[in-house]
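Protein chains: 2
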Amino acid sequence: MTPPAVILCQTQMGENVGAAARAMKNFGLSELVLVAPRMEWPNDRAQILASGAGDILAAARVYPNLSEALAPYRLVLATTARGRDVLKDIHTPQSAARALRAAQAQGARTAILFGGERAGLDNDELSLADAVITIPTAEFSSLNLGQAVLLLGYEWLKSGDATPAVRTPNTGGQPATRAELVGLFAHLEKELDAAQFFFPPAKREAMVRNIRAMILRSGLTDQQARTIRGMIVALVRNKYRGKT
Amino acid sequence: MTPPAVILCQTQMGENVGAAARAMKNFGLSELVLVAPRMEWPNDRAQILASGAGDILAAARVYPNLSEALAPYRLVLATTARGRDVLKDIHTPQSAARALRAAQAQGARTAILFGGERAGLDNDELSLADAVITIPTAEFSSLNLGQAVLLLGYEWLKSGDATPAVRTPNTGGQPATRAELVGLFAHLEKELDAAQFFFPPAKREAMVRNIRAMILRSGLTDQQARTIRGMIVALVRNKYRGKT
Numbered sequence: 264m265t266p267p268a269v270i271l272c273q274t275q276m277g278e279n280v281g282a283a284a285r286a287m288k289n290f291g292l293s294e295l296v297l298v299a300p301r302m303e304w305p306n307d308r309a310q311i312l313a314s315g316a317g318d319i320l321a322a323a324r325v326y327p328n329l330s331e332a333l334a335p336y337r338l339v340l341a342t343t344a345r346g347r348d349v350l351k352d353i354h355t356p357q358s359a360a361r362a363l364r365a366a367q368a369q370g371a372r373t374a375i376l377f378g379g380e381r382a383g384l385d386n387d388e389l390s391l392a393d394a395v396i397t398i399p400t401a402e403f404s405s406l407n408l409g410q411a412v413l414l415l416g417y418e419w420l421k422s423g424d425a426t427p428a429v430r431t432p433n434t435g436g437q438p439a440t441r442a443e444l445v446g447l448f449a450h451l452e453k454e455l456d457a458a459q460f461f462f463p464p465a466k467r468e469a470m471v472r473n474i475r476a477m478i479l480r481s482g483l484t485d486q487q488a489r490t491i492r493g494m495i496v497a498l499v500r501n502k503y504r505g506k507t
Numbered sequence: 264m265t266p267p268a269v270i271l272c273q274t275q276m277g278e279n280v281g282a283a284a285r286a287m288k289n290f291g292l293s294e295l296v297l298v299a300p301r302m303e304w305p306n307d308r309a310q311i312l313a314s315g316a317g318d319i320l321a322a323a324r325v326y327p328n329l330s331e332a333l334a335p336y337r338l339v340l341a342t343t344a345r346g347r348d349v350l351k352d353i354h355t356p357q358s359a360a361r362a363l364r365a366a367q368a369q370g371a372r373t374a375i376l377f378g379g380e381r382a383g384l385d386n387d388e389l390s391l392a393d394a395v396i397t398i399p400t401a402e403f404s405s406l407n408l409g410q411a412v413l414l415l416g417y418e419w420l421k422s423g424d425a426t427p428a429v430r431t432p433n434t435g436g437q438p439a440t441r442a443e444l445v446g447l448f449a450h451l452e453k454e455l456d457a458a459q460f461f462f463p464p465a466k467r468e469a470m471v472r473n474i475r476a477m478i479l480r481s482g483l484t485d486q487q488a489r490t491i492r493g494m495i496v497a498l499v500r501n502k503y504r505g506k507t
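Line by line, the protein sequences give chains A and B. Numbered according to our numbering, the first sequence spans residues 264 to 507. Numbered according to our numbering, the second sequence spans residues 264 to 507.
Any given hint could turn out to be false.
[Claimed, not checked] Some, not all, of what chain B presents toward chain A, calculated at C-beta under 10 Å:
1. Asn289
2. Val349
3. Ile353
4. Gly383
5. Asp387
6. Leu391
7. Ala394
8. Gly409
9. Asp424
10. Ala428
Read the hints as simulated data drawn from the structure, not as lab findings. Just so you know, these numbers come straight off a predicted model, no measurement behind them. Virtual Cβ for every residue (Gly too), placed ideally from N, Cα, C.
Let's have the full structure, built from the sequences with the hints guiding it.
Structure representation (structure tokens):
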């Protein structure tokens, strides 16, 4: 599955091409295309900002106009700022990423279009895209080119990433068995009774329920349950030692 | 609902604090906290990179150590690179954003922790967080501090953003009625018959089905259906004019 090409139109600053290349590298994109760049090319500032992504700059293709640059692509999505008057479907970055993946899965080459720093894509450039993408932002925001490429690259990688939302690392232990937990409850409650912790006695039942809930919620492993019992033993021993 | 604080630990470069502030501004975050910064503060490079986010820098609080900085927060999530040996739940940025929103909805102040440029958060710093966040990236990637803040800010804003995945702008027209579409089909097919377009005749039915599907798929408005009929009229007229 070929990742989408990143096509930068009328870019003015080499720094931004470099930042875009670096952002691409972070998320597994590699095909960079420049259309009518408004700066020297190759560009020293781009090289510096790209740091580890010099290979992407070296392989970048340059075209004098957009229709030539877009020739091989079967799905082209264009980034624009919010609220632009467009006649096309407007995708969130996440939805755009899904659309790109779906096209790629059918063997289509795809591209994401980014406009120049000052004014973004003009209407002529937009008219060649299938649909547009707007990145949700707070008011008075101004995403720069490198940031926009980063966010689209991120969503693209995410759309094919199977990482579960939350992983709980294997800490070497198994979740404690109910027997181990009940053993811990009994041990702790016996020592708290001995220390006259439960006061007034009428509240003992509610307090015990609370403590048990707190322990269960922490999802102890068998090793952690043993560690806590060891702490109880140590604290009790210390108390008697203090008294003698 | 108070957005999460961004807490930067042992930051070495003012540029990165500036880029972080700018990224925060883009996504509606405003509370910036520096812990044991390893650079001058206030910092000229930070000012330059922050561009429109100088207010965030001006309001930033500085603490000598992390436990003091974290005092008011009830949910603290720490960013770490992939594969770190942690004993806590590991969230994707999206899942972290949901957890932050949920805590905020109950009135809790929340924070996202970012480590220094060279080595990220150390184990002592991580031990004070409730859970960790890792950003999915391609191999051999190196997200910088500003990029990490940008992606977390983006996910936070997204988690409260009701923008539908795909919007189809109201282009001023209603979707064409079936009568208008059937009128268009009849008009087009009549002219194509007259022009002997359908050849061989045995294939007419399949070709018609294809053309109708193509038209329906484009989701025409009533105005667009009329425009196409106008184009057909113009093309046919031109043909006869050419012949006379």
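Hint check results:
1. Asn289: 4 Å, holds
2. Val349: 6 Å, holds
3. Ile353: Status holds, d = 4 Å.
4. Gly383: 16 Å, violated
5. Asp387: Since the shortest Cβ distance to chain A is 18 Å, the answer is violated.
6. Leu391: 17 Å, violated
7. Ala394: 8 Å, holds
8. Gly409: Hint holds; Gly409 of chain B Cβ to chain A Cβ min 9 Å, cut 10 Å.
9. Asp424: 5 Å, holds
10. Ala428: 4 Å, holds
The structure does not agree with the numbered hints 4, 5, 6 stated previously, though it agrees with the rest.
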